[in-house]
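Protein chains in written order, with our numbering: chain A, 3 to 526; chain B, 31 to 275; chain C, 152 to 771.
These are computed hints drawn from the structure, not numbers from a lab. Small disclaimer: the values here were computed from a predicted structure and weren't measured. Cβ atoms here follow ideal geometry from the backbone N, Cα and C, with glycine treated the same way. Hints should not be assumed to be uniformly reliable.
[To be verified] Okay, the calculated bits of chain C under chain A, using three or more residues with CB under 8 Å as the criterion:
1) 183 to 190
2) 238 to 247
3) 530 to 538
4) 618 to 625
5) 712 to 723
[What the hints assert, rightly or not] Per label pair, the in silico range of CB-to-CB distance:
6) C/332 / B/212: 53 to 63 Å
7) A/20 / C/451: 21 to 31 Å
8) C/762 / B/203: 52 to 62 Å
9) A/416 / C/467: 45 to 55 Å
10) B/147 / C/246: 37 to 47 Å
11) B/212 / A/32: 54 to 64 Å
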Amino acid sequence: MTTAIQRPTRPPFYRDVTVLKWVFQIAFLIGIVTVFWLLGTFSIANLAKQNLAVSWDFMARPVGFQVAEGFTTFPESGFEALLVGVTNMLRVTISGILAATILGIIIGVSRLSHNWLVNKLATVYIETIRNIPLLVQIVFWGIVVSIIPDIVVDETSDGSLKSLFGLRLLPEGWIFASPKGFALPWFVPTDGRWQWVGFMIVGAVATRYVYRWRIRLQEAGTAEARAFLWSGGVLLAFAIVGTFAHPVMGIFGPVFGFVAAFFQNTPIIIFQIVLAGLAVGGAYYIIKKRLDELRTPAGLGKLTDDDWFRLVMAAVVALGLALFFLLQSGPVEAIVGQGTIFGQDIGFSQLFTGLENRFSFVGGAPFDFSLPAIDGRFNNYLPDAGHVITRAYFALWIGVVLYTAAFIGEAVRAGVLAVPRGQTEAGFAVGLRRSQLLRMIVLPQAFRIILPPVGNQYLNLAKNTSLGIAVAYPDIVQVGQTIFNQTGQTIPIVISWMAWYSFVSLTLSAIVNRWNKKLKLVER
Amino acid sequence: MTDQAIIDCRGVKKWFGDFQALRGIDLQVTKGEVVVIIGPSGSGKSTFIRCINRLEVHQEGQIFVDRIELTNDVRNIEAIRKDVGMVFQSFNLFPHLTIMQNITLAPIWVKKQSKSEAEAYGRELLERVGIPEQADKYPGQLSGGQQQRVAIARALAMQPQIMLFDEPTSALDPEMVKEVLDAMKELAKEGMTMIVVTHEMGFAREVADRVLFFDYGQLVEAGTPEHFFTNPQHDRTKLFLSQIL
Amino acid sequence: MADSEVFVDTGELAPEPPPSGAVQWIRDNLAYSVSSTITTIVVGFIVFFGLRALIAWFLNPFRKWSSVTANSRLLMVQAYPDAQFSRVWISVGIVVVLAGLSAAVWRVAGKVSVGQVASGLLSVGSAALVLALLAPGEFTGGRGILAVSGLAIAGAGYLWKRAKKASINDPVISTVALAGFGLVLIAVFLWTIKLPVQEVFADGTKEVTSQALANSTKVPWTILLGVLAASYVIGVAIRDAVPALRRILVGLWALSFPAILMVVMRAPDIKWDTVLSLDLPIFLVVGAAVGAALYVIGAPDTGEWKFIVSALGLVLAILWVLFSWYLFDPTSTSPFHITSSAADVLQRLEFKFPLILGALFALAAPSFGGAKAARLQFIGVWWAALGLLIMSFRLGAASSLLQLSGTAFVGGLALTFTLAIAGIVLSFPLGVLLALGRASTMPIVRMISTTYIELVRSVPLITWLYIGSNLLNLFLAGVVDIDSVVRAIIAITLFSAAYLAENVRGGLQSIPKGQYEAADAVGMSVVQKTVLITLPQALKAVIPALVGQVISLFKDTSLVSIIGLFDLLYIARTVVPGQSANLGSIMEMTVIAAAIYWVFTFTFSRSSMRLERRLGLGTR
């Protein structure tokens with residue numbers, strides 16, 4: 003019954019599915035590249051007409067403007083100015099995420115409350131906040147700050163807040179409120195803080211082990227875990243001890259110094275070879291893994307065109323990178339710290355030198371308690387006294403926090419409601435108490451559902467901090483805009499924006515995804 | 031035999047990753063023949079009939095349908111798909127279209143028939159599978175058995191020479207199995223070439239011209255139903271039949 | 152009961168009403184435990200004082216609400232010329248007519264039980280009463296009226312509810328009757344309400360007086376209310392006679408937006424001699440030539456050459472558009488080598504785009520041609536698309552007869568709507584293509600689509616607006632000046648397309664694999680599969696997500712105020728508080744702007760929930 007098997011006849015190329023598919027893709031790629039090439043040509047030609055050439059020089063040159071707030075208000079270069087913008091953006095983002103999470107959980111739980119008043123209040127909050135553009139809200143809070151002294155500040159004093167609605171609150175000079183913002187007493191970090199932070203990192207690692215140890219005990223049945231209590235206690239102990247014992251960390255100073263010297267003194271060609279080797283090795287690993295997945299008893303002749311594309315892509319990218327590292331010593335020098343980038347010394351070597359300097363310093367308390375103060379002539383807050391919350395910072399922060407909390411609240415509510423009722427009933431049936439039920443059954447399941455949308459909201463919050471420009475908050479967008487108004491270098495600024503925000507998005511989603519995956523693993 | 035074979039498979043092999051689903055299948059089907067494929071799940075029987083209209087791409091060997099070879103050739107794929115109708119386990123009706131639209135969609139757009147022509151034939155087909163009154167309903171409003179009969183009508187609307195059935199009754203409630211099997215028997219009586227993957231041994235015994243037993247991606251045993259159910263030769267066939275009968 | 156005894160219940164128990172009453176309600180909802188009672192008291196205090204402070208702020212005589220009433224037109228349509236103001240009313244009229252007809256055709260009318268109406272009255276009246284009681288001291292005049300009317304409404308609602316409870320049957324009222332009653336009520340309000348209006352005298356002093364609405368406001372609105380009612384009645388009358396009405400209305404809605412924006416509001420200066428000498432010939436010649444080609448290519452079974460010819464045609468048409476300037480004048484470095492206005496550029500492209508469109512149609516012709524009737528229908532679609540394309544070129548190239556400041560578009564709330572609707576409509580095709588690209592089996596296409604989507608989504612909108620307002624002009628600097636609003640629309644479109652693509656991709660993923668297999672098994676081509684099977688199902692599945700995107704886009708348009716466009720927020724925040732008569736009114740204006748945004752967004756989101764329920768989505 004068997005018949006001789008011939009080789010399948012090949013159809014003419016214009017009828018071959020695989021050929022057609024790749025011809026179309028290559029045509030598409032050529033089209034896209036052409037459009038971008040044309041746009042590039044036009045803009046370069048047009049810039050040339052205006053006697054402007056695309057250049058990154060401004061990154062190294064001094065800028066002619068002052069930044070309203072940040073780790074320095076007189077940046078020495080365009081690069082530093084953008085760096086101030088970046089740190090300002092991160093400041094709002096991180097504190098905003100913390101506050102919005104707490105408030106969001108409160109809102110979400112209130113929405114589920116049986117208490118009619120609490121429930122309705124949360125509903126009104128969500129429906130109000132969600133349906134008004136965030137920009138309008140930020141503008142609104144900016145205006146509120148500018149009129150707040152009329153309402154709460156005792157006019158006869160030095161401008162500090164003593165009473166609220168007739169209630170005497172605090173000693174004079176502790177809290178200030180003015181159209182320029184607020185100022186509070188605060189623990190101002192001093193030089194010892196780096197050592198203290200190092201101490202706390204060790205503490206965090208220790209805490210993790212303690213937590214696992216308690217969980218193990220619980221599982222072994224020898225003791226009740228109280229894991230949170232234990233690990234919290236350990237962390238607190240480290241914080242307190244660290245306040246006095248932090249100079250111990252000074253021993254790490256020379257270690258960092260050694261690493262810095264290693265980066266500084268090793269010949270650059272070694273780094274070039276190592277990086278090129280990493281690129282090739284990575285590609286080899288990827289290709290090998292893929293081939294192992296695809297290996298069939300009949301050999302590798304069964305690769306589809308997609309498989310080929312992937313393998314070739316990986317190889318080409320790796321070889322390109324390797325060649326780049328080998329032929330171009332400049333970027334490698336910049337990365338390890340033997341050369342400069344945009345006129346800045348910011349490689350690994352400088353990083354470790356900085357760490358060495360900060361850790362080798364032996365002395366003082368990590369923090370000082372400091373009260374706010376006012377510069378008498380201009381009525382400005384002194385930036386280093388107490389903690390100053392500027393009007394712009396406050397408006398942006400409260401705006402994004404309230405806005406994001408509304409969405410997080412909805413996500414929390416949806417997540418809790420999505421846990422099937424049967425789970426609760428089953429929990430009661432096996433005799434769990436209400437608190438145990440929440441802690442052990444409902445919350446872990448709800449958390450899995452809540453995490454992806456909340457992660458999305460964190461991303462939105464990070465992007466929404468760019469609206470600070472409406473109240474002149476100097477984040478990377480506002481600083482960048484100032485720079486290109488001055489220099490006309492739109493394209494480099496736009497590229498910097500894209501690079502920074504892509505980095506933030508990728509990092510945040512990587513964190514959320516990792517967490518998500520971990521939770522999914524627990525599920526099995 | 032090869033000369034009249036409407037389906038001619040020679041040494042068909044197929045892998046999913048490193049799992050070999052088909053280990054060289056040789057099969058010739060003549061026009062008007064009803065072939066029933068049985069076998070344990072994972073034996074490659076569904077994969078095999080899905081290769082015949084290129085829902086899966088075989089990697090080695092040759093498949094000829096009506097003497098057209100299945101290759102990467104756009105023209106051949108088009109021609110073979112017009113010639114081969116398929117009925118799926120889970121019906122796969124288009125939920126956003128009415129029953130009549132489901133049936134006439136392919137004749138109008140693929141076969142380029144006029145709408146009135148396609149609808150007239152569609153009505154005839156619905157009559158044949160016994161649900162002429164459901165033409166303007168949506169698939170979601172029909173029972174499983176009715177949906178599967180619509181799926182048969184949809185496949186027939188292209189006037190194929192060959193019909194493939196991929197476990198057409200497995201997703202049905204027991205009381206609906208009979209109406210679908212009846213429609214299939216009717217079709218067999220009319221002389222349609224059919225390849226049926228099924229677990230309905232009664233159907234195989236009654237209608238099949240030939241029964242094939244697949245296991246581990248191989249065609250283990252083939253024969254008339256009589257031979258198959260009374261005198262199976264291979265140990266694996268005996269084991270399988272003893273488990274299900 | 153002994154085992155042998157048989158128990159038979161002969162009497163029938165009447166159903167008992169659940170325990171009810173105000174005390175029971177409080178016990179159930181506010182004070183069901185000690186902690187809940189404490190919470191209620193604390194939160195109650197906060198709500199009480201918060202509300203009181205809020206009301207006090209709103210009713211404070213120092214509030215400059217007159218800046219709102221004096222500038223209401225500015226907020227809505229910026230400085231639209233008075234002489235042409237009827238165009239604004241016509242635009243609103245178009246929307247109102249379509250809304251009335253749609254309400255009738257989609258049968259939104261329902262029934263609501265009297266009990267629900269009574270409960271509604273009860274809560275509205277109670278709210279008014281609470282408001283009157285909470286209001287601080289200065290508010291003396293209105294308090295009595297508010298309290299009395301609140302009490303009256305609440306009392307009526309309560310009595311009605313009691314009466315209804317006594318009767319056994321539950322009577323219902325048509326929502327149409329209620330809506331009609333509401334319309335009459337609004338009309339009455341329009342003619343009786345008095346708002347604060349400020350007058351600035353020659354010596355600089357101001358006086359705020361209460362005045363009735365001007366005739367130029369209340370007459371058109373009254374007419375519009377009448378038109379709304381009339382169009383609903385007409386819709387009810389014809390909805391059974393014209394079965395295709397739903398499809399016609401969808402088309403009209405789609406057309407209404409460009410018609411309002413480009414024709415009614417903009418008053419284009421159309422050069423009829425160009426239309427006759429250029430547009431009409433292009434339309435006829437290209438239309439007929441491509442039409443004939445489509446007739447041949449669309450014929451069944453004419454072989455593969457038709458794909459090859461149309462693909463080559465498409466490539467040539469695109470190359471011609473991109474490089475014709477170079478072919479004809481190799482010394483030139485730009486496609487627009489003469490400094491020219493946007494109108495000139497459009498004029499020059501008018502020849503070329505119809506050819507690209509024609510080539511695309513030719514590619515699709517084998518999929519959608521066939522029998523003679525189908526081919527003719529397809530050629531009809533081609534003529535319609537060509538006509539729309541040429542018309543949009545002509546309208547885009549025409550200058551406006553109106554004297555507007557700076558841009559060719561009206562500002563205010565009208566601009567907010569323009570940006571939101573243009574953004575979503577224009578981003579739709581791009582978004583769908585990107586979604587298909589990302590879900591495609593072709594790795595290069597998938598990579599490019601994914602890169603675009605992820606890059607655009609990770610960077611905030613404000614940076615895209617800056618890119619639009621700065622880079623777009625850089626690409627074409629000194630060559631063609633693109634209107635600032637158009638630049639914003641381009642940026643918003645490119646931005647929103649990435650988000651839309653992700654939504655549509657969600658829909659694509661929700662389609663079971665069997666659907667593709669079934670389509671393959673009957674021999675459909677990729678294009679047919681996409682247009683006939685995949686997209687209809689995917690789009691239906693993502694309607695709620697798309698409405699959500701419209702809402703967020705509507706809010707996001709406020710960002711254009713940062714790049715200096717005169718949208719609602721910019722006028723409220725910068726323009727009005729800058730007027731000498733309205734200095735210091737920024738808080739009032741911002742609050743009003745927020746309220747306007749809120750009303751629209753809230754309405755949208757509520758209707759989208761209703762739509763979701765109607766589509767039966769969101770329930771598993």
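Going through the hints against the structure:
no.	hint	verdict
1	183 to 190	holds (count 3)
2	238 to 247	violated (count 0)
3	530 to 538	violated (count 0)
4	618 to 625	holds (count 4)
5	712 to 723	holds (count 3)
6	C/332 / B/212: 53 to 63 Å	holds (60 Å)
7	A/20 / C/451: 21 to 31 Å	holds (26 Å)
8	C/762 / B/203: 52 to 62 Å	violated (34 Å)
9	A/416 / C/467: 45 to 55 Å	holds (53 Å)
10	B/147 / C/246: 37 to 47 Å	holds (43 Å)
11	B/212 / A/32: 54 to 64 Å	holds (57 Å)
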